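Asks: Each chain, written out:
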Amino acid sequence: MASKADKNDVVRVDFAFKRELAEKVEGDLANYCYQCGACVGDCPASTYSEGAFNPREIMLMVLYGLGDELIREDSILWDCTNCYNCHERCPQQVKPVEVIISMKNMLADRGFAPTAAERVIQTFLASGRTVPPSPAIDKQRAKFGLSPLPQVPMDEIAKILEPAAEEGGAT
Amino acid sequence: MKQFAFFPGCLIPARHPAMEYAIRETLPKLGIEIVDLEGASCCPDPIYFKSKDKVAWLTVAARNLTLAEDLGLDIFTNCSGCTATLSETYHLLHDDGDLRDQVNERLERIGREYRGTSRVRHIATLVRDEVGYDAVRESVVRPLEGLKVAIHYGCHLLKPSRIMNVDNPDNPEVMERLVEALGASPVRHRNWYLCCGKACQDEDIPNQMMHDLLSTVNDEQADLLGMICPTCFGQFDHGQMKVSKLFDEDFHTPPIYYFQLLAFAQGVPLDRLGFERQRFKPECLRRFESTDASVELGSVATSGTGA
Numbered sequence: 005m006a007s008k009a010d011k012n013d014v015v016r017v018d019f020a021f022k023r024e025l026a027e028k029v030e031g032d033l034a035n036y037c038y039q040c041g042a043c044v045g046d047c048p049a050s051t052y053s054e055g056a057f058n059p060r061e062i063m064l065m066v067l068y069g070l071g072d073e074l075i076r077e078d079s080i081l082w083d084c085t086n087c088y089n090c091h092e093r094c095p096q097q098v099k100p101v102e103v104i105i106s107m108k109n110m111l112a113d114r115g116f117a118p119t120a121a122e123r124v125i126q127t128f129l130a131s132g133r134t135v136p137p138s139p140a141i142d143k144q145r146a147k148f149g150l151s152p153l154p155q156v157p158m159d160e161i162a163k164i165l166e167p168a169a170e171e172g173g174a175t
Numbered sequence: 040m041k042q043f044a045f046f047p048g049c050l051i052p053a054r055h056p057a058m059e060y061a062i063r064e065t066l067p068k069l070g071i072e073i074v075d076l077e078g079a080s081c082c083p084d085p086i087y088f089k090s091k092d093k094v095a096w097l098t099v100a101a102r103n104l105t106l107a108e109d110l111g112l113d114i115f116t117n118c119s120g121c122t123a124t125l126s127e128t129y130h131l132l133h134d135d136g137d138l139r140d141q142v143n144e145r146l147e148r149i150g151r152e153y154r155g156t157s158r159v160r161h162i163a164t165l166v167r168d169e170v171g172y173d174a175v176r177e178s179v180v181r182p183l184e185g186l187k188v189a190i191h192y193g194c195h196l197l198k199p200s201r202i203m204n205v206d207n208p209d210n211p212e213v214m215e216r217l218v219e220a221l222g223a224s225p226v227r228h229r230n231w232y233l234c235c236g237k238a239c240q241d242e243d244i245p246n247q248m249m250h251d252l253l254s255t256v257n258d259e260q261a262d263l264l265g266m267i268c269p270t271c272f273g274q275f276d277h278g279q280m281k282v283s284k285l286f287d288e289d290f291h292t293p294p295i296y297y298f299q300l301l302a303f304a305q306g307v308p309l310d311r312l313g314f315e316r317q318r319f320k321p322e323c324l325r326r327f328e329s330t331d332a333s334v335e336l337g338s339v340a341t342s343g344t345g346a
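Chains A and B, in that order, are what the protein sequence lines are.
If you're matching positions, the first sequence starts at 5 in our numbering and goes up one per residue.
If you're matching positions, the second sequence starts at 40 in our numbering and goes up one per residue.
None of these hints come from the bench; they were simulated from the model.
Just so we're clear, the structure is a prediction, and the values are computed from it rather than from any experiment.
The beta-carbon is built from N, C-alpha and C at its ideal position, and this holds for glycine as well.
Each hint should be verified, as a subset may be incorrect.
Simulated restraints on C-beta separations [to be verified]: (1) E177(B) to G41(A): 47 to 53 Å; (2) R148(B) to K11(A): 49 to 55 Å; (3) T156(B) to R16(A): 27 to 33 Å.
Mimicking DSS-like on lysine-lysine, the simulated pairs with C-alpha atoms at most 27 Å apart in a straight line are [claimed, not checked]: (4) K147(A) to K68(B); (5) K320(B) to K143(A); (6) K281(B) to K320(B); (7) K284(B) to K147(A).
Footprint (simulated), chain A over chain B, 3 or more residues, beta carbon under 8 Å [to be verified]: (8) 193-207; (9) 239-249.
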């Protein structure tokens, strides 16, 4: 596995990365990982990338505090299929997929979310939906006797999206 | 009639209205009264929105759940992604008081409070647990005898099982039993367990996965791919064409959302179910339309809509 070591082969633990991850919802669960590898066998992203994506190794990088390997542009974390097999198999309830999603939150904080994610998020912020409403859709719906898509109360959504002061928001 | 709050989400009402039509057509015949939720937003989606900000994701989901709490009803979903978001929110906010306080602090700004009083039910389990397989069978006027349906569960209906509480993820049966209730024969192909790959950002991985999955569906010579998740459905409709071209192989098993198949078995004419918008159309169902019972019921349904 690729590791971040200096010229004396000393691994530098990035504690700021570990602290930031621990602040995210279920971000600290990797601490319970004992590296059994139960998460790997049923991981389709691992199988179909010939091991390039490996949830056990990702958990190990988290334990080692190798933040630079994961929190970067084009991070391998986006290759996760979100199938939840690792969550299902883990005897320690580490929920590797949740740790990965928490790190994706860190990637998004730094503007490293892929275009597909950014597009969906922007659509949500504009309409409260992930598929934008349109006259064409309402016409299709009418064919089935369905009412037009109702408006989402965006004023309410905007109010609850704002983080509280103690979460680092401006409120 | 038992009442349940309907959470339709985004994909089905805004991309596949034919699926919503089928749900609204079939559930009342099974004794379920659909109560629409006013003011609902996207669940929000468990892949992209969740990857942006988990706290915001939980807060928006909790707001949606409070809409059902206001009505004093359990909430049911027709999309495995919505089920994942809402079920996970229900469980996380139940287990973690601090997180619940954090979410409620934000909800207070709009005069709402999440209380955790409405359970989240996926439509498949709603039918299994509140209606029962026998009642589904009794509602069928067009038994789909001899129809082979390869079941694709997808991931989020079943996993994580501790949270979804739907079925045994290693050997589920709910979809098989629901398909059997229509008189059809469920087929479990060798790669039934594979994910559709939609969330993965490296295109090559899902393409290979889809290829292997569709190959084993072909081995079983299934007539249809039985779907319960609208995201998986997209992968297998447009995606099946893409994978065929990419690998220069002939994959052509039409995907069908379970409730459209149920609507057809209950007598709705094939041409009213919106399949013309699919890349792969379930023409194999045409042969079941010739029975007298279906012609009769079809005309009733048509005049009912016109009135």
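Asks: Hints first: check each against the structure and report whether it holds.
Replies: Status of the hints after comparison with the structure:
1. About 49 Å separates the C-beta atoms of E177(B) and G41(A), a value consistent with the hinted range of 47 to 53 Å.
2. Separation of R148(B) from K11(A) is about 53 Å and conforms to the stated range, judged on CB atoms against 49 to 55 Å.
3. Range check, T156(B) to R16(A): about 49 Å between beta-carbon atoms, so the 27 to 33 Å window is missed.
4. Between K147(A) and K68(B) the CA atoms are separated by roughly 21 Å; this keeps the pair inside 27 Å, and the hint holds.
5. About 21 Å separates the Cα atoms of K320(B) and K143(A), which keeps this hinted pair within 27 Å; it holds.
6. Simply put, K281(B) and K320(B) have alpha-carbon atoms about 16 Å apart, close enough for the 27 Å limit, and the pair holds.
7. Proposed proximity of K284(B) and K147(A) is contradicted: the alpha carbons are some 33 Å apart, above 27 Å.
8. Only when three residues or more bring their CB closer than 8 Å to a CB of chain A does the claim for the stretch 193-207 of chain B stand; here the count is 5, and the claim holds.
9. Coverage of the stretch 239-249 of chain B by chain A holds [criterion: at least 3 residues with CB-CB distance below 8 Å; count 8].
In terms of the numbered hints stated before, the structure departs from hints 3 and 7, listed from lowest to highest.
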